[in-house]
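2 protein chains.
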Amino acid sequence: MKAKVEIINIGDELLIGQVVNTNASWMGNVLSEHGFEVIKTTVVSDERLQIENAITSAIKYADIVLLSGGLGPTKDDITKKVLAEYFDSEMYFNEEAFHNIENLFKSRGFKITGVNKDQANLPEKAKAIPNKNGTAYGMWFDKDEKVIVSMPGVPFEMKTMMEKEVVPRLEEQFKPEKYFQKTIMTTGVGESFLAGLIEEVEDGLPEYIKLAYLPRPGLVRLRLSARGVNEQLIQQEVQAEVDKIVSILGDAIVFGYDDISLEEALAQLLVKQNKTISTAESCTGGHIAHMVTSLAGSSQYFHGSVVSYSNEAKNEILGVHAKDIEQFGAVSETVVKQMAEGAKNKFHTNYSMATSGIAGPDGGTKDKPVGYTWIAVSGPNGTISKAHQFGEHRGRNIMRASLTVLNMLRIMILEDTKC
Amino acid sequence: MKAKVEIINIGDELLIGQVVNTNASWMGNVLSEHGFEVIKTTVVSDERLQIENAITSAIKYADIVLLSGGLGPTKDDITKKVLAEYFDSEMYFNEEAFHNIENLFKSRGFKITGVNKDQANLPEKAKAIPNKNGTAYGMWFDKDEKVIVSMPGVPFEMKTMMEKEVVPRLEEQFKPEKYFQKTIMTTGVGESFLAGLIEEVEDGLPEYIKLAYLPRPGLVRLRLSARGVNEQLIQQEVQAEVDKIVSILGDAIVFGYDDISLEEALAQLLVKQNKTISTAESCTGGHIAHMVTSLAGSSQYFHGSVVSYSNEAKNEILGVHAKDIEQFGAVSETVVKQMAEGAKNKFHTNYSMATSGIAGPDGGTKDKPVGYTWIAVSGPNGTISKAHQFGEHRGRNIMRASLTVLNMLRIMILEDTKC
Numbered sequence: 000m001k002a003k004v005e006i007i008n009i010g011d012e013l014l015i016g017q018v019v020n021t022n023a024s025w026m027g028n029v030l031s032e033h034g035f036e037v038i039k040t041t042v043v044s045d046e047r048l049q050i051e052n053a054i055t056s057a058i059k060y061a062d063i064v065l066l067s068g069g070l071g072p073t074k075d076d077i078t079k080k081v082l083a084e085y086f087d088s089e090m091y092f093n094e095e096a097f098h099n100i101e102n103l104f105k106s107r108g109f110k111i112t113g114v115n116k117d118q119a120n121l122p123e124k125a126k127a128i129p130n131k132n133g134t135a136y137g138m139w140f141d142k143d144e145k146v147i148v149s150m151p152g153v154p155f156e157m158k159t160m161m162e163k164e165v166v167p168r169l170e171e172q173f174k175p176e177k178y179f180q181k182t183i184m185t186t187g188v189g190e191s192f193l194a195g196l197i198e199e200v201e202d203g204l205p206e207y208i209k210l211a212y213l214p215r216p217g218l219v220r221l222r223l224s225a226r227g228v229n230e231q232l233i234q235q236e237v238q239a240e241v242d243k244i245v246s247i248l249g250d251a252i253v254f255g256y257d258d259i260s261l262e263e264a265l266a267q268l269l270v271k272q273n274k275t276i277s278t279a280e281s282c283t284g285g286h287i288a289h290m291v292t293s294l295a296g297s298s299q300y301f302h303g304s305v306v307s308y309s310n311e312a313k314n315e316i317l318g319v320h321a322k323d324i325e326q327f328g329a330v331s332e333t334v335v336k337q338m339a340e341g342a343k344n345k346f347h348t349n350y351s352m353a354t355s356g357i358a359g360p361d362g363g364t365k366d367k368p369v370g371y372t373w374i375a376v377s378g379p380n381g382t383i384s385k386a387h388q389f390g391e392h393r394g395r396n397i398m399r400a401s402l403t404v405l406n407m408l409r410i411m412i413l414e415d416t417k418c
Numbered sequence: 000m001k002a003k004v005e006i007i008n009i010g011d012e013l014l015i016g017q018v019v020n021t022n023a024s025w026m027g028n029v030l031s032e033h034g035f036e037v038i039k040t041t042v043v044s045d046e047r048l049q050i051e052n053a054i055t056s057a058i059k060y061a062d063i064v065l066l067s068g069g070l071g072p073t074k075d076d077i078t079k080k081v082l083a084e085y086f087d088s089e090m091y092f093n094e095e096a097f098h099n100i101e102n103l104f105k106s107r108g109f110k111i112t113g114v115n116k117d118q119a120n121l122p123e124k125a126k127a128i129p130n131k132n133g134t135a136y137g138m139w140f141d142k143d144e145k146v147i148v149s150m151p152g153v154p155f156e157m158k159t160m161m162e163k164e165v166v167p168r169l170e171e172q173f174k175p176e177k178y179f180q181k182t183i184m185t186t187g188v189g190e191s192f193l194a195g196l197i198e199e200v201e202d203g204l205p206e207y208i209k210l211a212y213l214p215r216p217g218l219v220r221l222r223l224s225a226r227g228v229n230e231q232l233i234q235q236e237v238q239a240e241v242d243k244i245v246s247i248l249g250d251a252i253v254f255g256y257d258d259i260s261l262e263e264a265l266a267q268l269l270v271k272q273n274k275t276i277s278t279a280e281s282c283t284g285g286h287i288a289h290m291v292t293s294l295a296g297s298s299q300y301f302h303g304s305v306v307s308y309s310n311e312a313k314n315e316i317l318g319v320h321a322k323d324i325e326q327f328g329a330v331s332e333t334v335v336k337q338m339a340e341g342a343k344n345k346f347h348t349n350y351s352m353a354t355s356g357i358a359g360p361d362g363g364t365k366d367k368p369v370g371y372t373w374i375a376v377s378g379p380n381g382t383i384s385k386a387h388q389f390g391e392h393r394g395r396n397i398m399r400a401s402l403t404v405l406n407m408l409r410i411m412i413l414e415d416t417k418c
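Chains as they are written, first to last, in numbering that gives the first Met the number 0: chain B, 0 to 418; chain Y, 0 to 418.
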């Protein structure tokens, strides 16, 4: 039996969207990986009734209730008070917690005020959980074989407390099942098309292996996950299903595993093959270069980019023939190929990528509507190009053109280096 | 009485933390701004019982229950089925929804599969809510003077549906109190420094006007907000406080209002003054060009960028003297100034920006540690440059260098065009 967890995050700033609730996703991720089943996460405001209701409701279905937030020294933070009353517990002054506060203030050169000293008051019925990074100790309540833990809302305080204290204690008490997951990263085809390709594998999956389609702009992640007692066994069985899917999709669609990005997959290939790249970008406007250079160490294989937004720049810097721009237009096969070749020559690289399209929302014509995009990649064995019709949204067109050309280059290098 | 809203986000990927729940914060923000009170947000898995329980529990306290997620074409998405059964409703084939799917597939050049056609089946008891950006229509259920709305989980589909359809209908039905807010966009100085500058104004604010400091990497947004019956009055009073703050901070710090981006503020100035720009990027790796070209119409003032990641590119394309790179290093005042001037000449623009720094995490030295960055802007009256020491995080260094040089250029143009 998997121990069920409900996460309750407390704070007005989360409800009104002033702060994105990254605590919930971080906690959910850590708990899942450790074999707990997160059945629900809830966000409530710093109000007594809301907090009480949330705990009462959570405790009905969950074995473990993890709270974060509302433990600060200011008046709007009431979680500790509410919990003490909820569990009908007196408060006491915890010397260890006070020394921790003293040390923190000393190290920052601040003086302790009354409200900070109050933070060392804790409910008698709770085990105190140390917080090395902040003044608010955590509280661990046991009740009818269920566990309720309250932690600070400050992300790095909560994270350290979870990793060092809470998760190990929960593992000892609940002895969770093992969990294994593997994510297949795909690009170039949509969710429903993928579903069609792997329908047979999906229908044949054993019940304890789950498959999820997780789309991102230009990508679909396929996540297979399973839970069980025998860690090695579930790992093998998930891997076997992954292998089936990957053999159907092939490496033109599958670019990697477990949340690797397309630019990382390309980077690994470039480092392995010791090749260099450059880009010539029109409609993507520097986005490809930005994606590539977001990775540490990219200077090893990336020499640079010319973002040629004007026709003059295409001609003068990249060497695209002015008469071809005039005859075929900037968004054309002839021009995008010359752009790719121009970048490859100018930056002295093995490979290059180029894009030219109508990003939108303006500039579309009947023949070349918004989203119409030529992309090209050039390498030691020549230059190839393809026209795409993306959508109407500028930002997504830029993203999709970037991912499409990155993948086109990845496939070219794979083919060039196949024995 | 404010209408109370509970948000329910559906999806295993949210519970296990594979995706951060940005939908909840976005929805919470929009609803708060429109005078609704978000009392709770809940995340549950794609399981019948979980979804049913969440709705039953939400409907007890909330006037409005907004669901997102679980409307995709794949088997793991069950929200529509669960809702139809929950509200005891037959399904029917919605012609309009089907045409929408047809059009979307046609525009992308895909063929419609059976599962996509199924998406046009909707519960009879729901009003269908159009989705221009995706195949899943929304559903609006009325029950005992309460409203339950189901929307797709894909953020841009949900957002458009909320803005164009759901919020306007909710406003009509629940007539929330008037709310007014104005956000002052600042850059170049930190939160506590800003707080010091405007301390007097802040202390003198009437109680019903709230001031929030909302930091983003490289920016701080100052949001003043008020709620009341008399729309005109609260608007005037908020505006008066905004004017006080802006007159203290000045236009080198304040670049605009209401979530305008720095690149948009620059764009407006460029269009107004009829000036053109270009960039030469080393450590920012194309990010500035990407920011500038994210805006529709940027080809009017942006001619292009050279991302010169290699020293050869700095020399051969931008014309930086090879001996200066050798003598002073690529991250130096001499080089960054020549980069800016090189871009200005190559792209024939009025102004240009350049960056050269140690983005990290590697490549730092004692003299030039990670985060050390030279930036320059060049215009008709010369070139100016400045060294900055940003942090240790690559992504944030790239962002901060980009914002800093964009603002430096904005100030230069403001000064050049002052009478």
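Some hints here could point you the wrong way.
Copies of one chain are not kept apart here, so a pair can be met inside one copy or by any two copies together.
To be verified - Computed list of lysine-lysine pairs in DSSO-like fashion (alpha-carbon distance at most 30 Å, straight line):
hint, residue 1, residue 2
1, 209, 3
2, 271, 131
3, 322, 74
4, 124, 158
5, 209, 274
6, 385, 3
7, 74, 1
8, 243, 163
9, 124, 417
10, 243, 158
11, 131, 163
12, 274, 174
13, 271, 209
14, 209, 158
15, 177, 367
16, 80, 3
17, 105, 385
18, 80, 59
19, 131, 243
20, 110, 367
21, 417, 174
22, 417, 110
If you're looking for bench data, these hints aren't it; they were derived computationally from the structure.
Subject >> Structure-inconsistent hints, enumerated in ascending order >> reply: Result: hints 2, 3, 5, 6, 8, 9, 10, 12, 13, 15, 19, 21 and 22 break, sorted rising.
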